[in-house]
Amino acid sequence: METDLMVLTEKLLEHIPENLRLKENDIKVLNDHLDFFLSKADIIVKDFYDTLFSNEATRKVFHEGERPIREKSLAEWVAKTIGGKFDKDYWAWQTFVGILHIKRKVTNDYMLIMMHRISDLVIGEAYKDLPADEAAALKTAWLKLAGIVLSLISESYHYFYLVAISQTTGIKLNLLDNLVRVEVDNLLEANKKYRLI
Amino acid sequence: MKNLDAILQELLMNTDSEAVVLANSDGLPLAAINTKDDNRIAALTASLQSMTDRFVENFNRDKSKQIIVETDQGYITIKRVNDNLVLMLLSGENAKLGMILLYVDDAIKRINEVFV
Chain C
25 METDLMVLTE KLLEHIPENL RLKENDIKVL NDHLDFFLSK ADIIVKDFYD TLFSNEATRK
85 VFHEGERPIR EKSLAEWVAK TIGGKFDKDY WAWQTFVGIL HIKRKVTNDY MLIMMHRISD
145 LVIGEAYKDL PADEAAALKT AWLKLAGIVL SLISESYHYF YLVAISQTTG IKLNLLDNLV
205 RVEVDNLLEA NKKYRLI
Chain U
274 MKNLDAILQE LLMNTDSEAV VLANSDGLPL AAINTKDDNR IAALTASLQS MTDRFVENFN
334 RDKSKQIIVE TDQGYITIKR VNDNLVLMLL SGENAKLGMI LLYVDDAIKR INEVFV
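Chains as they are written, first to last, in our numbering: chain C, 25 to 221; chain U, 274 to 389.
If you're looking for bench data, these hints aren't it; they were derived computationally from the structure. Be a bit skeptical, because a hint or two may be false.
Partial pick of chain C residues on the chain U-facing surface, computed with a CB cut under 7 Å [stated by the list, open to error]:
| # | residue |
| --- | --- |
| 1 | T193 |
| 2 | I195 |
| 3 | L199 |
| 4 | N202 |
Keep in mind it's a predicted model, so treat the numbers as computed, not measured. Even for Gly, the Cβ is constructed at its ideal location relative to N, Cα and C.
So that you can see chain C by itself, here it is in the shape it has in the complex (with noise of 0.2 Å):
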């Protein structure tokens, strides 16, 4: 059971496609529009955090009172990572961020959706004011490194969703594998009239 952070996250660099994966010139054009983004953090976090407080479910994850220091936190996101070389450490901390997710019960769900947001927010700032071939450069690179980002939050937290199942009860990996794929297929059939295709 691999619960070095810095290991897991290497296998998980491994499991992206080579296309898909951010080259010299997309970390230089998100480096190069660092500017760009922390002049856009306010109107980022703003709608962020807008969102996830207008959504009853999305707002119970917040302790009273919390939202200012996770707007710190998310700006800090942003200028960290635009600014950032995106090296082991960089991705190894995504995948710490995992980890943090569990913690503080930001399901998987909710994590995609809001980086759909922010993506959203990023790509339709980047048009409004940047000409056209460059705010498609700066789409094309962010896309990735969001993508990037997200496959490594949500594998962390499946897998040490896992791990900390296992290390609690002392059930190995295998056999956690094991135990679902002897109810995978009644929860298939239980759920087929839901199969469209």
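Go by the hints and put chain U onto chain C.
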């Protein structure tokens, strides 16, 4: 495996039991008799063994030697065969625990001989 099946069959007869499964530590069945769903029972048997080991670890005890579940319909005995195998025996209400433990130990000894 023929030898394993013979050992398990004999264990069932000697203990007036209903079903038996031999599973590996990943929860896969190596041999089973009369279990409705070998895969499920093997996985659950290995899980119970793992959870009991982790449970006793919290009290600084060595690994558990056996788990005996008493129900109105009889006993369910789970016993480690070795580090990689675990045995589950489902016995009826007329089965005697002393006989169960005696023959389970004998079966475990013979199973280990198969894997030497």
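Evaluated hints:
{"no.": "1", "hint": "T193", "result": "5 Å, holds"}
{"no.": "2", "hint": "I195", "result": "5 Å, holds"}
{"no.": "3", "hint": "L199", "result": "5 Å, holds"}
{"no.": "4", "hint": "N202", "result": "4 Å, holds"}
Of the numbered hints listed earlier, not one is contradicted by the structure.
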